[in-house]
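Start from the sequences and build out the full structure, keeping to the hints where you can.
Protein chains in written order, with the numbering used here: chain A, 1472 to 1999; chain B, 1324 to 1700.
Incorrect hints may have been included.
Claimed, not checked - Capping the alpha-carbon separation at 25 Å, the derived lysine to any residue pairs in SDA-like fashion look like this: (1) K1479(B) with P1818(A); (2) K1387(B) with G1881(A); (3) K1445(B) with G1881(A); (4) K1445(B) with N1813(A); (5) K1387(B) with K1470(B); (6) K1385(B) with G1881(A); (7) K1479(B) with L1821(A); (8) K1387(B) with N1813(A); (9) K1519(B) with P1461(B); (10) K1385(B) with N1885(A); (11) K1626(B) with V1611(B); (12) K1466(B) with P1818(A); (13) K1445(B) with I1817(A); (14) K1445(B) with Q1827(A).
As the list claims (entries may be wrong) - Only some residues are given here: those of chain A computed to face chain B with a beta carbon under 7 Å: (15) E1815; (16) L1819; (17) L1823; (18) G1826.
Rather than coming from a laboratory, the hints here were simulated on the basis of the structure.
For each residue, glycine too, the CB sits at the ideal point set by N, CA and C.
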Amino acid sequence: MELLLRLFKYFNRRQLQAAAQKEKDRTPARGAVQNTLRANLEAIRSIFSHAPDLVIRSFAFHQTGSQAVLIYLNGLADKNSINNNVLYQLMFESEDIAGHGKRPSGTVKMPVLPVTLGHISTFTGFEHIELSILHGKSVLFIDGIPQAYAFDTQGWPQRAISDSQIEASLKGAHQGFIETSEMNVALIRRYISSRELKIKELSVGSRVASKVSIMYLEDVTHPELVAEMERRLTSLNVDCILNTGELAELIEDRPFSLLPQYITTERPDTAASQLLQGRLCVVVDRSSSVLIAPAGIAAFFQGIDDYSTRWPVATFMRLLRFFACMLAAFLPGIYIACISFNHEVIPLDLILSIGQFRAAVPFPPFIEALIMEITLEMLREAGVRLPAPVGQTVGIVGGIVIGQAAVQAGIVSNLMVVVVASTAVASFILPNFDMASAVRLIRFPVMILASLFGIVGIIAAFMVLIAHLITLTSLSQPFTVPIAPLRIGDWKDVFVRLPLWNMLKRPESVKSLQKIRMGMNRTGDEDQ
Amino acid sequence: MMKKRICCVTVVVSLLAILLSGCKDRVDLENVTLLLMIGLDLDENNNLMLYSSSPVFSREAKSKNETTKVTALTARDARGALEAKVSALISIGKLQNVLISKRLLRHKGWIQLLDVLYRDSKAGSNARLICVDGPVEPVMFFKPDNKRRLPLHVAKLVDTAHERNLVERSTIFEFHRLLFDKAITPFMTELRLVDKEVVLTGTALLDNEGLYQTVINLKENQLLQIIQDEQLADLSLTLVLPNVKHEESVFETRAVSFYVTEVKRKVKVDYAQGRFIFDIDLDLPIHVTELLFPFDVIHDASKLEALINKQMEQKMEALIKKMQKAAVDPTGLGLYARAYRYADFKKVSEDWEASFAKADVKVHVRTKVRDYGEVRY
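Shown next as structure tokens:
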């Protein structure tokens, strides 16, 4: 299997390299800002041809009386702030607000703009100007001045901050990430308002650059992790990153594994909690989920609610999730193995009733299980795609028709329905969607092996799975870390959730620089 | 490039080929005839008869159980004949009972008939061995309409009766141990068909070659289990105390019933003048549940205890005499002899039953009334 993967990888890399070479034909905007406004406008027009949403507003710059032009993309810029803070000021304010006493050097006198905005940047190259306009900034050209000013007037339509649908929580915060990375960074900063929270901004994508920010706690996160993540992100050569899932797929360690190797979350509190444990998170612009690395297997079984409920309850839920995970992956396989090969292990009374149900079913157990499993997956997928009221109808129709009628029609047996239903319920228990999907998929090879070899096949599947898990890495760190490279100290928060006052240290498995989580852990704390 | 693709295809094909070979031993449950009970008997000409009883899974079948009879050389040899008769493939993985007629048990070498059950790793080793007093055939074909299917009914019957200490039970697994241990002789549950009912009659005691020697009834079995120190649920005993005055009545008025909740047994082994001497001390806390004669238990408990002790000692000694006469030792006293008097045991180990028959077994019972219920007299 490993050999096959290697081969696939090899071909893939070949193709990517070939694609990268073609990429170079596309040239970015070149050139520097000219002295005359007309030349600049012509350059802009040639860059943005066929762009009816480009607004070019010319006016007289009040301060010097020269001609000026403000350019922005309609819809990406906030009209309010352009009108009130930029245009009005430039057209009517005469006073040189900050210009007194300080004269900029050079042959051309640079005017100090009376714009009341927080962030103004100046550019001389058109490639930056192009990007600024595309990112929703408004750019000002003044006749006679060989540079352009970019104002922070971004204001595109964005969603209100709402509860995450996919990671709903009962007692946690009801804020989810949205599609603007500045906002997402702010949401995380709200949880960790500490100067040690560092952000490394990178841009990924050769056609459309996406802003990607690596966030980490400087004194906690191991620098090796940050460096590795940065290396992976900068070595990417893709057209465009549309969301975090794509990014994760491009930078994961094992692209052919069924299992997710990064945690993606839509919850700022989850992200903050992982940051505090010493992991780093990657915020991708235009995506409402955040990538957390390195991921350990335990994190996929931890829900944020675990920490806001009482610890014995949370422990019970944890154990339930691990049990459910095993159930979801292996129950149909075990059913098939018991019916087809190892009926000796079924208790006698059960065997007699199963025998009666099975006698009416014309298909072998594997086909029977496959019919039900595929029907169930179809129902699930249909329910996701359809609007809520119709989705419910699908659920009910599916449940009744498949559950009842199929048994009466003799297509599947009663027990199979029970097995499939409990498997489905079990797979929905897992708090992480990616992991739940992976477990759902693992079920099928297990079923095939079970139908060929019985319990031996299940054991083989289990061993392969374990072997795969322990060789899996996330950001070059072992995936099964507190379990497979054994870190007993971290077990306080894996299968059980011990009281928080018991977890004095950050998880060893993350290799954090600073181990102590409780008590004085910042330099200078002693003085206060 | 081409070479690698060929390599890929070869790997996939060989993997598939490996996988496909697995399908061979697959048998789906509905295609299995689960033998739940088999019966072994001899006909008039001493031919081996083998009976099987198994559930029928089909909805169309009116009867949910099928019983078949075949003549065979050995137990395994019967399989072919059975496969030709029963509805699907035979499996003995869920075997519950093995019925063996008393007549067959008296023939030397019958043990070899079980060989297939021991040798086949998929055979259910928890099947109960049951001796049938009388021919096996009527029991196998017996269809009570107020009970579950017979194999399950018999299994449950044996288990519950054993739980109440009324019969001994040996599964084929335990039987193997009993048979091969020189210091103990095997036993098995005995049943018979009486007036359209399957009744457990007691425990058949076999000698070390597995030959049938004698049977003890349900009451004797309770005492045997006390001696074995293997009482499971609370033992309920009813004794008639001959020293108490018999009222003029058709009913027995001298009876006392009590629970024995716990057995504390101490066994002392000695060897003198060529025979073993066993001293069995039994401490039995008892709970009186029934007392048919007036008696002041509060003040005269020790008197009652003494009466019970004497009666129980008598009964136990009678039981031991019976076993000694039949030259069987299911008590496990031989284990004590081997443990504490190995040198002496070793000399007689080849024929322990004979030494046990000669042995002097003394039983001392010390009961203690713990509870006599809600009434005083």
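Hint check results:
1. For the hint pairing K1479(B) with P1818(A), the CA-to-CA distance comes to about 14 Å; that is within 25 Å, so the pair holds.
2. A threshold of 25 Å between alpha carbons decides the hint, and for K1387(B) with G1881(A) the separation of about 19 Å falls inside it, so the pair holds.
3. In summary, the hint linking K1445(B) to G1881(A) is not supported, as the alpha carbons are separated by about 31 Å, beyond the 25 Å threshold.
4. For the proposed pair K1445(B) and N1813(A), the alpha carbon gap of about 9 Å is at most 25 Å, so the pair holds.
5. Of the supplied pair hints, the one linking K1387(B) and K1470(B) holds, its CA atoms being roughly 13 Å apart against a limit of 25 Å.
6. Proximity of K1385(B) to G1881(A) is assessed by CA-CA distance (about 19 Å); at most 25 Å being required, the pair is judged to hold.
7. Annotation: proposed proximity of K1479(B) to L1821(A) holds, straight-line Cα distance about 16 Å (limit 25 Å).
8. A C-alpha spacing of about 23 Å is found between K1387(B) and N1813(A), which places the hinted pair at or below 25 Å, so the restraint holds.
9. With a C-alpha separation of about 10 Å, the suggested pair K1519(B) and P1461(B) falls inside the 25 Å cut-off, and the hint holds.
10. In summary, the hint linking K1385(B) to N1885(A) is supported, as the alpha carbons are separated by about 21 Å, within the 25 Å threshold.
11. Between K1626(B) and V1611(B), the direct Cα distance comes to roughly 14 Å. Compliance with the 25 Å bound is thereby established for this hinted pair.
12. For the suggested pair K1466(B) and P1818(A), the alpha carbons sit about 23 Å apart, so the restraint of at most 25 Å is met.
13. For the proposed pair K1445(B) and I1817(A), the alpha carbon gap of about 13 Å is at most 25 Å, so the pair holds.
14. Between K1445(B) and Q1827(A) the CA atoms are separated by roughly 22 Å; this keeps the pair inside 25 Å, and the hint holds.
15. With its C-beta approaching chain B no nearer than about 4 Å, E1815(A) sits inside the 7 Å limit, and its interface hint holds.
16. Interface restraint check: L1819(A) against chain B, minimum CB-CB distance 6 Å, threshold 7 Å, status holds.
17. Against a cut-off of 7 Å between C-beta atoms, the interface hint on L1823(A) holds, since the closest Cβ of chain B lies about 6 Å away.
18. The beta carbon of G1826(A) is positioned within 7 Å of a beta carbon in chain B (closest approach about 4 Å), and the interface hint is therefore held.
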